[in-house]
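**Q** The chain contents come next:
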Amino acid sequence: MKKIEIEFIVNGKKRRIFVKPNDLLINIIRNDLYLTGSKYGCGIGECGACTVLLDGEPVLSCLTLAVTVNGKEITTIEGLAKGDELHPVQKAFLENGAVQCGFCTPGMILTATALLKENPNATENEIRDYMRGNLCRCTGYVQIVKAIKSCVAEQKSD
Amino acid sequence: MEKQQYEFIGKQFDIKNIGKVTGKELYSSDINIPGQLYAVVLCSPYPHAEIKKIDYTEAEKMGAICIGPDDVPDYLYNERIVSIPEKTYRDRTVLPKDKVRHIGEAIAACAAETEEEAFAALKKIKIEWGKKWKPLIDLDEAIKDDAPSIYDCVYLGEEKVDIKNNIACERNIDVGDIDKGFKEAEVVVERTFNTQRIYHMQLETKSAVCVPEADGGITVWTTSQGIHNVRILLGNIFNIPLNKVNVKRITLGGSFGSSIQMNSITPICVALALKAKRPVKLVSTREDDIYDHSKYPLKTILKIGAKKDGTLTAAHCRVWVEIGGHNIQAYPYLGCVAGWFASLYKWKNIKYEGTAVYTNKVPTCAMQGYGNPQINFAVESLMDILAEKLDIDPIELRLKNYVGKGDEFWGQGPTVRSIIRSCGVEEMLIEGAKLAEWEKRTPPSKKKGELRRGIGVARGFHTSGTGGPNPGEVIDYSGATIKINEDGSVDVLTALMDHGGGTWDAVAKVVAEVLKVPYEKVGIYNEVDTRTTVFDVNTHATRGVYCGCGAVKFVAEKVKEMLLNYAATLFKDLPENLKLACNKKLGQAVIYPREIPENYMTLGEIAEHAHITSWGAIAYTSTLRQKNCPPCFITHFVEVEVNTKTGEVKVPRAVIMGDSGTIINPDLWEGQIIGAFSRGLGFSLLEETKYDLNSGGLECNGLITDYKIPTTVEMPKVDNIIVRSAHTYEPTGPFGAKGIGEAALSSVGSAVANAIYNAIGIRFYDLPITPEKVLKALKRKEEEEKESRRRVGDKVD
Amino acid sequence: MIRLTNNTKILTQEFEYFAPKTLAGALDLLYRYQDKNTRILAGGTDLLVKMKTIGLDADYLISIKEIPELKFIDTDAGLRIGAAVPLSHIEKIEKVREKYPALYESIKSMAAIAIRNMATMPGNICNASPAGDTIPPLIAYEAKLKLVSKRGERTVLVEDFITGVGKTIIKRDELLTQVIIPEISKNSGGAFLKKGRVKADIAKINLAVCLKREGEICKDCRIVLGSVFIKAVRAKKAEELLRGQVINNDLIIKTAKKASEVIKPIDDIRSTAEYRTELARVMTEDALKLAWGRAGGEL
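Residue numbers (the numbering used here), protein chains in the order written: chain A, 1 to 158; chain B, 1001 to 1797; chain C, 2001 to 2299.
Excised from the complex, chain A in its bound form:
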């Protein structure tokens, strides 16, 4: 298969690479760019472990053809902290016991940052609903919801 050149921004840096039409974004990110924070969990869009931000919106890299991100901007978990300064959601996850095995954590955190950007005053029910596509088998979610709640600008009850 003929390779196609694509140019896109990954975590603020412009990258120019050749990909096959059937290359999945998850495999390009993990195997070619060595950004292994995005995880393979199911490959069919059911678990959210491979979530990345595409132009700021969470999408599933396991169901995204790499060719389709040409000209777009991607943020992975590795690009969230500003230098040594963790993103508030990353900090909140650490402070609230929201991390156990950590395999779902990158996808969880990226989805949560998108939620807070879209809805800075999200209620608990809104958080629960928005996060429902990111599966976690360890934590039972409650401390994850608690962590995200702690980042909400103005606490509102449902």
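Hints are supplied without guarantee of correctness; some may be wrong.
[What the hints assert, rightly or not] Some but not every residue of chain A turned toward chain B, in silico, with C-beta under 7 Å:
1) Thr36
2) Gly41
3) Met131
4) Arg132
5) Thr139
6) Gly140
[Stated by the list, open to error] Which stretches of chain A does chain C cover? Using the computed rule of at least three CB atoms under 8 Å from a CB of chain C, they are:
7) 21-35
8) 43-56
9) 61-74
[Said to hold, decoys possible] Listed next, the in silico DSBU-like pairs over lysine-lysine satisfying Cα-Cα at most 35 Å (straight line):
10) Lys1448/B x Lys2264/C
11) Lys1440/B x Lys1400/B
12) Lys149/A x Lys1024/B
13) Lys149/A x Lys2099/C
14) Lys20/A x Lys2065/C
15) Lys91/A x Lys2199/C
16) Lys2108/C x Lys2021/C
17) Lys2108/C x Lys1717/B
18) Lys2071/C x Lys2108/C
19) Lys149/A x Lys1585/B
20) Lys2258/C x Lys1447/B
21) Lys156/A x Lys1448/B
Since the hints were made in silico from the structure, they are not lab data.
All residues carry an ideal CB built from backbone N, CA and C; glycine is no exception.
Since the structure of chain A is provided, determine the placement of chains B and C on it from the hints.
**A** This is chains B and C only, laid out in the frame that chain A set:
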């Protein structure tokens, strides 16, 4: 013993897990070795079929490295070597030599430059199948005389064992006089319960990376709960001296028991790497993973006898388990089920009969509880039935009969027993009842309306490790190397695994507490392996804190002894006159003559002095076997809301009481309890891996589109899940600590079922309790009530 | 040999990829490759899953994501939504939330946010799953689809578009370019209900209703059920019971019962026929009450 004030135990430090929130943490599937090949596995499409010939020449022509049954050693093994060899059943090779025994069983594998190439080559492998049998899916079918034999014989240790009626193993235990016990009973209740197969659904699929070394050895990264057992097994299978097998300790993306055994892909990856003479990476697809391991199901026929005052007199427990196509140690499973059963209540007279049966399904293994949630569902449901029959409050009946302090606890089946020295059962039942507003509970007959709320209680426990005064059938010890660096910081080298529940965090805190070194200066890193660590059996049986940290504490105390000896020389004093303390201002451990804190020397100064004067390293290596198996107790008060129009069950609120002795990581202790609660909700209301009776395949086709686990929305809200700890201290545990992990799941299903009964007056005996089952049962009940009203009406007329 | 086709980590099919920048360009490609195995990539959330899990093949893949002409949302008269608009953008439109609650609720009920950021409504429609969530509300709102090809264009009702499981009347050179939903009249009310095993799930059963109220009378109504037949179905016999009648509780109960009698659900891994039948009744009743209330009606 009094509770003590600790500097680090029970405190929270947010620096742990920083790799996990930044994406820097490496898991087996993240390891990349220059020049590696990617491997894929060919899985059987048939549930029970003879393999006549495998021809992979076409695949090789495409440049792939291939292995089939003839390329793997004839070595027969059991992938779980936690039990002693003479109690270990061996029925498998790396790839099956004669026939496949379940759909999804690996039969061949390919490695190539890319995963795409490997997969393309895989499709070229030709298999000539011989006889095919109809799959044995149901236990009752599998034990029939005319059922096809899944095995003719297997090995138990070195002894050959013939398999009859597909019965893999049996275990019968008698305590007291069962007939006498039932004769004394004034009330007898008996029911049959079924718990289903569920899938671990750990987020990381089973993975392995293997590098063949120049000296004939191998280096392996793999999903494992115990790297030393993987080393021993790989060495034995491939006939490599054990010093040349190096298994790396690496973070695990969840496991829940599915990597106690060496994962089936691990030796496949090794075989490919040895043949290719190149590094090979093998990451299971989710669909291969779901066809690789499953929780043990259980069928229980339970009969219990009691006096009218609620005193128990006897229990007869008959259990059956269908284990799938391989026996990943159903024998200890049957023993453990007996132990969990025997240790819940003072039955006085026990008859236990357990049978494990091969079927053509995915092999079953431990999943958080090793039979505990399964048998707990039967016992705790039947205790509620008994309570109602006796007209005794369920809490009172439990308080009257529970096995507690001073009683004997079976920590790992009948051969691992110890006396209970700490017990929070009473406190948990009483305090939990207050928090859950138990006194406001009304009987089902009082509930009206479309949405009916009910509250249920159930209690459980798990062992903390598998130690006892006498070593039983289970190997149990842990170890560590602890060394003090030249600046006073500390390195801990241990093979002890962390599932994410905080075992490593606990290790660091225990070492910090003993050596008074600030938590952040205690390093417990992933760059260790079987070569740099001493043996640790496995992080299973809720033994991480109690046994693992117990061993770490033992080693740390030896280091402390060395340290005080060195310091004594410097202070020109006796070690017993010196005090080790943490100076938070300096961020260092300090040593000073007792009562004269201003005359301190820092640990860094002492270590540096020892270094430049060539006294030698301040380090110690050892192992420790815990000689007790204290139960960590749990009590669940669960509130459910049953929608009588749709059969849906919601869980708006829960009160969970835990007894782990001293709690080392409070946030993760709570996290483990809540996490177990979500898995328990999946187990009781939602999950089941169902099989198609004809094809023998999973109804979900291996796709999690049709294997749902709870999400954020199905859990109670943050403020509605109340987790509290009992006030206990385990005298035999490190700083008074016991475990929590598996205990946390044991009584979720039972409490949910009891709550549903309280809401709608219908008892469910089979899990999961789906809306379909609830609605059907509600309709039936409505019909029955109509019928009985009509009969009463007839009589009146 | 079902197992051999599965590898959800990679995409094994080899195909040629096109990302035309104009509608005309896309139509040219569709015309040129109409006799080949050509597939349209919109969100990819169904297509790629099928390619990974059931070995669906493609020689040519035409992405419509780069076509600005398909990214419009027009709320002037009714709703007109371009084929490349992701579902999450539709749920953010105020008019959808306020005037087309059944559509809004159906989209919100689908999978999770990351999927909705990718998936499109035409994707959901063309996938033609009996459980497709946007289909019942679109039928209830009498939505139409614009199908365009080099030969011309036509407009068809969603109701007529889907013919069976995974089957539609679209021609190989046609592209579904927009979904057209007629303006909703005053005193109309809609509702969508769904049951899954968990919140983010394929429906065990879903349904949408849309009622037009005139005083106490139901002037017109549509009741559409999904996941109970080979495609979403209108419970026409149940609709007839309501049409032109004064609405009251008894009538709603009767209508709901009728709706549950006209469907043909099956047992599958997600649920049972028995449960679906019972839930069809319960949910129709609830949805009718909800919609009647939203139409300003009282009970």
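**Q** Examine the segment 43-56 of chain A: at least three residues should have C-beta closer than 8 Å to a C-beta of chain C.
**A** holds (count 6)
**Q** Lys91/A and Lys2199/C were given as a pair; does the straight-line alpha-carbon distance stay at or below 35 Å?
**A** 28 Å, holds
**Q** Identify whether the interface hint at Met131/A stands, where standing means a beta carbon of chain B within less than 7 Å of its own.
**A** 5 Å, holds
**Q** Are the Cα positions of Lys156/A and Lys1448/B separated by 35 Å at most?
**A** 33 Å, holds
**Q** For the pair we were handed, Lys2108/C and Lys1717/B, check the Cα-Cα distance against 35 Å.
**A** OK: Lys2108/C and Lys1717/B at ~20 Å, within 35 Å.
**Q** Holds or violated: Lys2071/C and Lys2108/C, Cα atoms, limit 35 Å.
**A** Measuring from Cα to Cα gives roughly 20 Å; hence the hint holds.
**Q** For the hint on Thr139/A, does the least C-beta distance to chain B fall short of 7 Å?
**A** Thr139/A check passes; min Cβ-Cβ to chain B is 5 Å, inside 7 Å.
**Q** With the threshold set at 35 Å, check whether the alpha-carbon distance from Lys1440/B to Lys1400/B stays at or below it.
**A** Status holds; Cα separation ~22 Å.
**Q** Keeping to a limit of 35 Å between CA atoms, is the pair of Lys149/A and Lys1024/B held or broken?
**A** 25 Å, holds
**Q** Need the status of pair Lys2108/C, Lys2021/C: alpha-carbon distance at most 35 Å?
**A** 30 Å, holds
**Q** Need the status of pair Lys2258/C, Lys1447/B: alpha-carbon distance at most 35 Å?
**A** Holds, at roughly 30 Å.
**Q** Is the interface hint satisfied for Thr36/A? The criterion is a beta-carbon contact with chain B at less than 7 Å.
**A** Cβ of Thr36/A sits 4 Å from chain B, so the hint holds.
Against the hints set out earlier in the document, no violation occurs for any number.
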